[in-house]
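Trainee: So you can see what is in the structure, the chains are spelled out below.
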Amino acid sequence: MRGRSKDQGEQAAAKRVQFASPFLPYLFLAPQLAIIFVFFYWPSAQAIQSSFYLEDPFGFGSTFVGLTNYADVLKSTEYFGIARFTAIFTALVTFFALAIGLLLAVKADGVIRGNATYKTLLIWVYAIAPPAAGLIGMMFFNQHIGPLVEFARWFGWDIKVGLDYFDTAFAMIVVAVWKQIPYNFIFFLSGLQGIPVSVREAAAIDCRSELRRFWTVILPLLAPTAFFLLIINVTYALFDTFGIIDVMVKDKAANNPITLVYKVYMDGFRGNDLGGSSAQSVILMLIVLVLTVFQFRFIERRVHYN
Amino acid sequence: MHRTRLLDHVILLIGVFIMVMPVVVAFMTSTHEAADIHRNGLSLTWGGHFAETYETVLAREGGFTGKVTGFNMMLNSMILGVGFAVGKIVLSMLAAYAIVYFRFPLASLFFWVIFTTLLLPLEVRILPSYEVMNALRLTNTYTGLIVPLLASATGTFYFRQFFKSVPDELLEAARIDGAGPFKFFIDVLVPLSRTMMAAIFIIMFVYGWNQYLWPTLMTTDEGFFTLVRGIKQILLVWVGSNIPDYNEAFALAILAMLPPVIIVVMFQRWFIKGLTESDK
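Heads up: the protein sequence lines correspond to chains A and F, in order. Residue 0 is where the first sequence starts when you use numbering that gives the first Met the number 0, and the numbers rise one by one after that. Residue 0 is where the second sequence starts when you use numbering that gives the first Met the number 0, and the numbers rise one by one after that.
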């Protein structure tokens, strides 16, 4: 992970020599910008606009209602329940996916022979679509045929996915973590293999205990990778798990754990609540922006790049 | 230094078991008959009904929805995956070229206009995006399926990073030879970027193939369903049937994961290179 420099705007991009042309750069940028404006900025602006309006359900125009939609969302206890679940879900998925990915990477890094085989066997799950993972997970947690349900029964736990809130949440987290482990594994393994042998040897001389060596030398060197993965994993848990959740709750959100993104989708497309859904979108945008700023300002400061 | 211990291998093997097992079981189970699965649960043995099940899923008209076959869905997934990957590479290379190799007013403004798209994924603005598609009459079209997904700048940043690492001397030499911007781009930069393009193609193909939310919203016409989208359909059809077609559901899931998994396994060197050697 050497190439992960901080983005410093176009200053960093500047070459010593460049072309100067009055219109060519705009021509090259035009397709990308056109798509970004039509499919990114326009809908984003529209989300903000319609969050202030109450849409007539029969399509007879809309009324300006100011912040009512936001007030409705923020007053609802249901919304806060979902927000709480989203936070817990994100934290658990991120933690376990990172921890297991790191553990496997450290072990694979230590094993010289067989490294390539382990690598191949561990990364391919990355390519599986979240809904496909969700479907397989559903089958494994199925009341009639699921081996994991049987397994849990040994311990006296009767898993009822789809009926019991906690059990469904548990199954979702297991599937979401399973799907994300390979991604973290790849990055941690490349990070580990990028640490020079001389550094490892010096560390081995200085510090006998392998575990302490890992904590004091190896892990700090992996910090940039870990920071980057933290952002990616949080984003994954918040957004990319949509397919897993949708397959597992099958449109019956009522008693099932769902995330904020799923709620936006339910209210907008199932409930036809345009204003409410838009207000939620805007709240979500703000959450993501705050998270991003927070991550860059507070966490990255503690990370040392070489 | 590298003292390999038994415990390391045990942990790795448990990891491999956890990652590989569910898919192996899914595949094996898909070769059994539905009633058999219903009675005996998931299976690790060969059920002997491979050809029938997969033929049904691939070829039966109206298998799930009344109009579309699994083969059609696979074709649609392919169009989405390849279209998205190619579109991403073309757009991003051009934009990154402009940002890295040209000096022009407003450059930093455009940089930020593009950069901000990395912050907000499509999922947070689904409803308004859908409305825009409606306004442009792009629902149930391949354009509508592919183009809005291109509105994020991941690829641009991969290529920007890569172009920055290209030595300045190349451009100087090219200019001495009298090469203009087009010639430099096509004769020098594109050939240099071949492995980068391959790596990004793989990542973007997998990403496009695996799209779920957007195709779910965009396609109501079953002729445009992708395989990943079809998974939801098969689960909805289940409700009400006596013995759910577990075998067909598994077969569909296996088909939906096959192309991206094959590509990642076969080209893992490029895939890993693309993932790890640049900004995401």
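Be aware that one or more of the hints could be misleading.
Claimed, not checked - Residues from chain F shown here face chain A by an in silico Cβ test under 7 Å; the list is partial:
#, residue
1, Pro180
2, Leu212
3, Trp269
Simulated from the structure, these hints should not be mistaken for lab results. Just so it is clear, the structure is predicted and the values come from calculations on it, not from any experiment. Just so you know, even glycine gets a beta-carbon here, dropped at the ideal spot from N, CA and C.
Trainee: For each hint, tell me whether it holds in the structure or not.
Mentor: Against the structure, the hints come out as follows:
| no. | hint | result |
| --- | --- | --- |
| 1 | Pro180 | 5 Å, holds |
| 2 | Leu212 | 5 Å, holds |
| 3 | Trp269 | 13 Å, violated |
When each numbered hint is compared with the structure, a violation occurs for hint 3 only.
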